[in-house]
Amino acid sequence: MTRFLPYTASTLSHEVNWLYLGLLIIAFCVLLLVVGMMATFCVRYRRASATVRGGPVKSFRFEIAWTSATFLGFIGLFFWGAFVYLDARTPPRDAVPIYVLGKQWMWKVEHPGGQSEINTLHVPIGRPIRLVLASQDVIHDFFVPAFRVKYDVVPGRYEDLWFEAITVGRYPFFCSQLCGTFHADMRGWVVTMEPADFAKWLAAQGPSESLALQGKALFHQYGCSGCHEPRSTIHAPLLAGLYGRPVALQGGGFIIADEAYIRDQILMNKHIPAGYPPKMPHFAGHISEEDVLKLIAYIKSLASAPGSAR
Amino acid sequence: MTVPALPELTPVPELAPVTAVENYLTDDMSLRSWLFTLDHKRIGILFIITLTLFFFIGGAAAALIRIDLIDPAGLAPPALYNRMFTAHGILMVWFFLLPIIPAGLGNFVLPLMIGAHDVAFPRLNLMSWYILAISGGLAFAAIFIGGLDTGWTFYEPFTADFTNGHVIMALAAVFLSGFSSISTGLNFIVTTHRLRAPGMTWYRLPVFVWTIYATSVIFVLATPVLAATLLMSAVQRFLHVGVFDPALGGDPILFQHLFWFYSHPAVYIMILPGMGVVSELIPCFARKPLFGYEFVVWSSIGLAIIGFLVWGHHMFVAGISVYSALVFSMMSFFVAVPSAIKVFNWTATLHDGWISFDAPMLYALGFVILFTIGGLTGLFVATLGFDEYVHDTYFVIAHFHYIMVGGMVSAFFGGLHYWWPKMTGRLYNEWWARIAALLIFFGFNLTFFPQFILGYLGMPRRLYAYPPEWQFWNVLSSAGAAVLAVAYALPLFYLGWSLFRGERAGPNPWGATGLEWQTPSPPPKHNFETTPIVTRGPYQYTPEPIPQNA
Amino acid sequence: MAETSSAPEPEIQYASLAHQGETAEIGIWAFLSTEILFFGGMFLVYALYRQAFPIGFAEGSKDTKFIIGTVNLFILLTSSFTMAWAVELAGTEARRALTVLLLVTAALGLIFIGLKGFEYYEDVWIDHDFPGIIFPMSKPDARANELFWLLYWMLTGLHAVHLSIGVGLVLTFAHRAWRGAYIRYGKPIEILGYYWTFVDLMWVVLWTLIYLPGRNI
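Which chain is which? The protein sequence lines are S, L and V, in order.
Residue 188 in the working numbering sits at position 93 of the first sequence, with consecutive numbering throughout.
Residue 1125 in the working numbering sits at position 524 of the second sequence, with consecutive numbering throughout.
Residue 147 in the working numbering sits at position 145 of the third sequence, with consecutive numbering throughout.
Quick caveat, the hints were computed from the structure, so don't treat them as lab data.
In this text the structure is predicted, and so the values were computed from the model without any measurement.
Do not rely on the hints blindly, as some may be mistaken.
Distance condition first, Cα-Cα at most 20 Å in a straight line; then the derived SDA-like pairs of lysine to any residue [said to hold, decoys possible]: (1) S:K153 to L:H952; (2) S:K198 to L:A680; (3) V:K141 to S:P372; (4) S:K198 to L:A1066; (5) L:K1126 to V:E11; (6) S:K198 to S:D255; (7) S:K365 to S:H377; (8) S:K365 to V:E61; (9) S:K198 to L:D762; (10) L:K1126 to V:E13; (11) S:K365 to V:A49; (12) V:K141 to S:A379.
Pulled a few chain L residues facing chain S out of the computed Cβ check, cut under 8 Å [as the list claims (entries may be wrong)]: (13) V918; (14) A919; (15) V938; (16) V944; (17) H952; (18) I956; (19) T973; (20) E989; (21) R1063; (22) L1064.
Virtual Cβ for every residue (Gly too), placed ideally from N, Cα, C.
With the sequences and hints as input, model every part of the structure.
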């Protein structure tokens, strides 16, 4: 980071830079106008000056003029900002998910291949990355200045943010939501790499099971398989092909089975699917957020292989 | 039109010496008479003294923050640092900025301005002061004995389950202070509606009265929602039930909605009265009627109304849907329009004026510049794509300090200097007052402009330590804070000195048109010997001032 | 007191007694708007969580004491009637009738509080429906159920506080009425009536929110 400008290291950064420049120019023009007029009037119409003063001025025309001018300008700014925001909030479909878990006071990163790291995040450049943000305790906020992305990490739900890095380097990230005494220490580095280097780095993390496989082990360990496997005699929903599908709820209505839905079901059995009794125990407090992420990865993996758990 | 240049402020013929008539200060000098007073002027002064005390405590906390940030590793232990910004936020917001102009200056001036003999409910008014003083003491205890580190925003679930400070005590303090806000707001609404002097129609009200009225509406409608929210927060912490704690089934985002439903309108409580003060000062010292009076008035009401519809812009990155973010962003641009209208009108008022640069006017001009910068950077953070970057960084800190400190505190000092002769019957040393005004302007910019740059570099708020690349701007900001500290302490001395040695002020030292200047300084116990009859609107400077009751 | 026969003087800031009365009326309306938003904040939380946890809220509501709540509803409505009657008599010579009506209003308020206290007793010591301290987590959808009960305690508790203040005020005013304070100037009774009716109205809302949702399961 330089003393005057932040790094520009993602596709979004360029859009935000232009937006900033636009805002800056408009702000300076308005400020110059106001301060310039004030200064001119203050000198010209100071009490001691003999300048000739005109009669009263009709104000209505001026009022309409500057009200509509500001109004139109603001509408323009709104749309520009909105387009950048929509872009920043809409991850591309092919974005690679990486799970980021915030807890007091560290960040734990889980790659889909099962590699995990603490307070660092390795990503390849030129490929959209979607971070799935979860929190173990309080609200944190994952903020990478160089990518111009930030989003609150709210316990009890999953938020996401995405970026596509464009330059290789090492960029700091921060927690930007007060989360307790060592809030300031909850920071780390994003390391961006060429895709080939990234693949090498992943491989060098040692042999590890993918998140989905780790999730499968947990699926048996926590006893989920006792009800949710085809062999089970208990009347419980089967999970193969669940992810991304609409689920009919008891009492009417549908909900899309996304990551947040699966999480809520595991921890609180929040929604009761139609045709099933509300029998599932709540696992809140018994399964850590990290394990929930693994279970979700497992359930997601079932979507593509309908035969495995059926 | 050739009007001969006015050589000096219009001298007003001296009335009989002040001591000859009984005024509200000399009426009864005992301490008891102050503590049980029902006189709005005395209550106003009680407020100003109490709130100034909190201002300096909150300021001391800010000084510690700036000292800590001189070094990238942080000079203070993190726990202490977190307590300091919490103390600074809570004391400054609830125990200085919100009440200072309405309950302090407004209490003193508003009834005088509308030609009333007192506020509508004097006992309620006194109760408001007691509640504020007690709740302020409670907040002070919670912070400094209890070690509160939640920040002034009390975000959940941190506040509920993850901190050891005296949270419930602090919540109770803020809850209690709400009664004070509501009492004061209710009092002013009713006073403005019912106690205007004969002939004082709505469009003859000084803008200050309008802005206090708008502020009071926010006090009455927003404060109870905060009260309910804090009550639920306290109960949840006490009983460990999840109203806002997701681990127990609650929703932390709901807390933010409720909190900002109050706290965003509260931002307008913290600026509208300042706008009112400046709308008094500029016409008076420019010797010109206020340009576009009706537009200034209705933009104040507009701010108060639209201010209720923009709270979501505090949550653009907090987990609200994209669609609601779009709506809140658009509303935030709308709310900037009335502010822009005001700035243009103040500037236009200067045109064709006979401007003098007495200390109150310096503060007013400073206010306009700082408020303009604060408002323009408000556009930056209302712009969704940019806010996603600078949200919760020093950019936002700098933005709202330009509004609240650059704006509101400047306006308060301007108003205090303007009405000081009315309150005390004495004139302060003009030379020192101008020095202080310039020093505050300079120190303020030095403190907070670097924070815009820090924010753009990506420095998040509430960090006790930061990467060394940012040290340059932080040191600059801390240096500015040192200047600001001196500048804020200066008025204590020359204003205090004026109490004893200051020249006697006549009833109308500035040659102003408002009703408050048409009665002796200090005013008699019930403001006016005879109820004034109002015959014309405010700010009729031709450039000779024509009083509203002339 | 001396004001038995003559009207009181208006306070210094008012032109006349009528002026003082009208001012107080605006004051009470402003105050009630504050009150509505105070309860409104909690109603919003109630609405959102009931939407999110319909089953838990219905289960919670099923265990409330419907009979006591409904009897209380009728008691408060009746008390509003006697209060309104008192407002009619304020400012007239009917000193004795006014006092009696105010006393009846206060008595009804006290009966409400007594019944509510009995209900609270049953909630805590028989059904253990006190969130956070002795709440049976075996209930269906216990967390949401607990949220319902938390809101139950907060809303009815605040209502009870309001009502207790109201009873205190009514008794004070009854004392003054007996001394003839409202023969010439009845506005204070009207102001009191606004407050009392507001508290009654809040109970009507609370009754629908608390006692009705789970009645069909």
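Against the structure, the hints come out as follows:
Distance check on the hinted pair: S:K153 and L:H952 sit about 13 Å apart at the alpha-carbon level, within 20 Å; holds. Between the alpha carbons of S:K198 and L:A680 the distance comes to roughly 18 Å, so the proposed pair stays at or under 20 Å and holds. Only pairs whose Cα atoms come within 20 Å are accepted, and V:K141 paired with S:P372 is accepted, the gap being roughly 15 Å. For the suggested pair S:K198 and L:A1066, the alpha carbons sit about 19 Å apart, so the restraint of at most 20 Å is met.
Under the criterion of a C-alpha separation no larger than 20 Å, the hint pairing L:K1126 with V:E11 is consistent with the structure, at around 19 Å. Taken as a hint, the S:K198 and S:D255 pair is honoured in the structure, with Cα atoms around 16 Å apart against an allowance of 20 Å. The hinted pair formed by S:K365 and S:H377 meets the criterion: a straight-line CA distance of about 9 Å does not exceed 20 Å. For the proposed pair S:K365 and V:E61, the alpha carbon gap of about 15 Å is at most 20 Å, so the pair holds.
Of the supplied pair hints, the one linking S:K198 and L:D762 holds, its CA atoms being roughly 14 Å apart against a limit of 20 Å. Proximity of L:K1126 to V:E13 is assessed by CA-CA distance (about 14 Å); at most 20 Å being required, the pair is judged to hold. The suggested pairing of S:K365 with V:A49 holds, with an alpha-carbon distance near 17 Å, which does not exceed 20 Å. This hinted pair checks out: V:K141 and S:A379 have alpha carbons roughly 16 Å apart, not beyond 20 Å.
Proximity of L:V918 to chain S holds as hinted, the smallest CB-CB distance being about 5 Å (cut-off 8 Å). The interface hint given for L:A919 holds, since its Cβ lies 5 Å from the closest Cβ of chain S, which is under the 8 Å cut-off. Because the smallest distance between the Cβ of L:V938 and any Cβ of chain S comes to about 6 Å, under 8 Å, the interface hint for this residue holds. Because the closest C-beta pair between L:V944 and chain S is about 6 Å apart, less than 8 Å, the hint holds.
Hint status for L:H952: holds, given a least beta-carbon distance of 5 Å to chain S, under 8 Å. Interface restraint check for L:I956: the shortest CB-CB distance to chain S comes to about 5 Å, inside 8 Å, so the restraint holds. The beta carbon of L:T973 comes within 5 Å of a beta carbon in chain S, closer than 8 Å, and the hint placing it at the interface holds. Satisfaction of the interface hint for L:E989 is found here, the shortest Cβ-Cβ separation to chain S being roughly 6 Å, below the 8 Å cut-off.
Taken as an interface hint, L:R1063 checks out: its beta carbon lies about 5 Å from the nearest beta carbon of chain S, inside 8 Å. Hint status for L:L1064: holds, given a least beta-carbon distance of 4 Å to chain S, under 8 Å.
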